[in-house]
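> Next come the chains, spelled out residue by residue.
Protein chains: 2
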Amino acid sequence: MLQHPLLTKREYEMRARVMKALGHPTRLFMVDELSRGERCVADLTEMVGADMSTVSKHLTLLKEAGLVAGEKRGVQVFYRLKTPCVVKFFECIDAVLHAR
Amino acid sequence: MLQHPLLTKREYEMRARVMKALGHPTRLFMVDELSRGERCVADLTEMVGADMSTVSKHLTLLKEAGLVAGEKRGVQVFYRLKTPCVVKFFECIDAVLHAR
DNA sequence: CGAATACTTGGCGTGTTCGCCAAGTATTTT
DNA sequence: AAAATACTTGGCGAACACGCCAAGTATTCG
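So the protein sequences, as listed, match chains E and F.
Heads up: take any position in the first sequence, counting from 1, add 1, and you land on my numbering.
Heads up: take any position in the second sequence, counting from 1, add 1, and you land on my numbering.
A few of these clues could be false.
Claimed, not checked - No more than 20 Å apart at the CA atoms, straight line, and that leaves these computed lysine to aspartate or glutamate pairs for EDC-like:
| hint | chain 1 | residue 1 | chain 2 | residue 2 |
| --- | --- | --- | --- | --- |
| 1 | E | K64 | F | E92 |
| 2 | F | K64 | F | D44 |
| 3 | F | K21 | E | E12 |
| 4 | E | K21 | F | E92 |
| 5 | F | K21 | E | E92 |
Said to hold, decoys possible - What follows is a set of in silico ranges between Cβ atoms, one per label pair, in the way DEER data are often shown:
| hint | chain 1 | residue 1 | chain 2 | residue 2 | range |
| --- | --- | --- | --- | --- | --- |
| 6 | F | V88 | E | G75 | 35 to 45 Å |
| 7 | E | R81 | F | V76 | 45 to 55 Å |
| 8 | F | V76 | E | T55 | 20 to 30 Å |
Hints in this document: simulated from the structure, not taken from any laboratory.
Being a predicted model, the structure only gives us computed values, none of them experimental.
Quick reminder that beta carbons are idealized off the backbone N, C-alpha and C, glycines included.
Let the hints inform the model, and build the full structure from the sequences given.
So, in structure tokens, the structure goes:
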């Protein structure tokens, strides 16, 4: 990374942060689910089967990575996928998995 | 994840493992570099600027995730990218980053 | 205003990741 | 066979991630 970096160190760090955000089964599930439409935290919590605080933290992490956005409507917060291209990752990942 | 999972829990775990492997700046750099052609560990070590043992462990992790393959030739080990489609992730990631 | 609902945030224990150093293996060279 | 090169593996401390519970905030409803 010292000599002739293709990108800067900081750029790789930023990219890594996005990939890291997707590196958890629960967050991957939520992204998959959000690709079908917006969901509120309570719905996701029920689907995931964890504490709501845990789900909320996962969503915060995804939001900080720039992958989702949340909008408060009344007492609920609805999350949606900001960058649907992420869904295309899955095809490639499955190719990786099947090639083993 | 309990009710009506789009995929099984295990499938999300397997996918997460692949994404996790890409969730580190050094590994992301190496994948990027390997997309240009095979490289031996010493070359990558010099580029990354870390201990060779560290780089070797990163490569092992990428290999276990199914992303790269290593081939020993003489005293060197050359790594190559097994699934070039991973490179396409970067476009989307940058879209995510620029959309913030 | 008080209670209820839907979330977020703080804190904490546990487990995982990451980096280096040191030691081990394998291949080539002398 | 000994030395050198190119790795890999083990071990260890520091930092980070993850889960739950408890407490806090915000909005709505009676």
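> Now look at each hint and say whether the structure bears it out.
Hints and how they fare:
1. E:K64 / F:E92: holds, 19 Å
2. F:K64 / F:D44: holds, 17 Å
3. F:K21 / E:E12: The given pair, whose Cα atoms are some 17 Å apart, holds under the 20 Å limit.
4. E:K21 / F:E92: The hint holds at about 16 Å.
5. F:K21 / E:E92: At roughly 16 Å apart (the allowed maximum being 20 Å), E92 (chain E) and K21 (chain F) satisfy the hint.
6. F:V88 / E:G75: 35 to 45 Å: holds, 43 Å
7. E:R81 / F:V76: 45 to 55 Å: At 53 Å between Cβs, range holds.
8. F:V76 / E:T55: 20 to 30 Å: violated, 48 Å
Comparing the model with each numbered hint stated earlier shows that hint 8 is the single one that does not hold.
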